[in-house]
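Peer 1: Please build the complete structure, drawing on both the sequences and the hints.
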Amino acid sequence: MKIKALSVVAPSGTLIARGEKTLEVRRWHPDIAPDEDLLIVENQHYLRQDGEEDPDGHAVALVRVKTVRTFERTDIAAACASYYEGGWLAWDLTDIRPVLCDQKVVAARGIYQVELRDVLLTSGTLEQEEQGRET
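In our numbering, the protein residues as written are 29 to 163.
What the hints contain is simulated information worked out from the structure, not anything from laboratory work.
Honestly, I wouldn't trust all of these hints.
Capping the alpha-carbon separation at 30 Å, the derived lysine-lysine pairs in DSBU-like fashion look like this [claimed, not checked]:
1. 132 with 30
2. 132 with 94
3. 32 with 94
4. 30 with 94
5. 32 with 132
Peer 2: And the structure:
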């Protein structure tokens, strides 16, 4: 399946999949409809230059971006942020569904398209699914 994706640096993807991080903070507005799924891809380092990619990302959740608004100081906890700085946008993440996918997924800048196979929507929390895979 082809789907739009957004890469985030660890541990933010895991926090999103667990439902602990319900706001993504960016300086730009996403090109995505409120009823459109967005795949969250977690990778290990920041992608700072246009065209930069990380081939070792992994899919952690499907979400929807309900609204985009100004990031406020009161949003720090929901964004799992450590500080506040003006001029940023808060993306309200809703309908958060953890996924399991053994396939590596390219992490890239902005919103981009990926092709996925063998994606499993989890029925419980991400922690429960990870524990089940270890046993």
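Peer 1: Take the hints in turn and mark each one as holding or not.
Peer 2: Here is how each hint holds up against the structure:
1. 132 with 30: Within the cut-off at roughly 14 Å; holds.
2. 132 with 94: It holds: about 27 Å lies between the C-alpha atoms, which stays within 30 Å.
3. 32 with 94: holds (15 Å)
4. 30 with 94: Status holds; Cα separation ~21 Å.
5. 32 with 132: holds (15 Å)
The structure agrees with every numbered hint stated previously.
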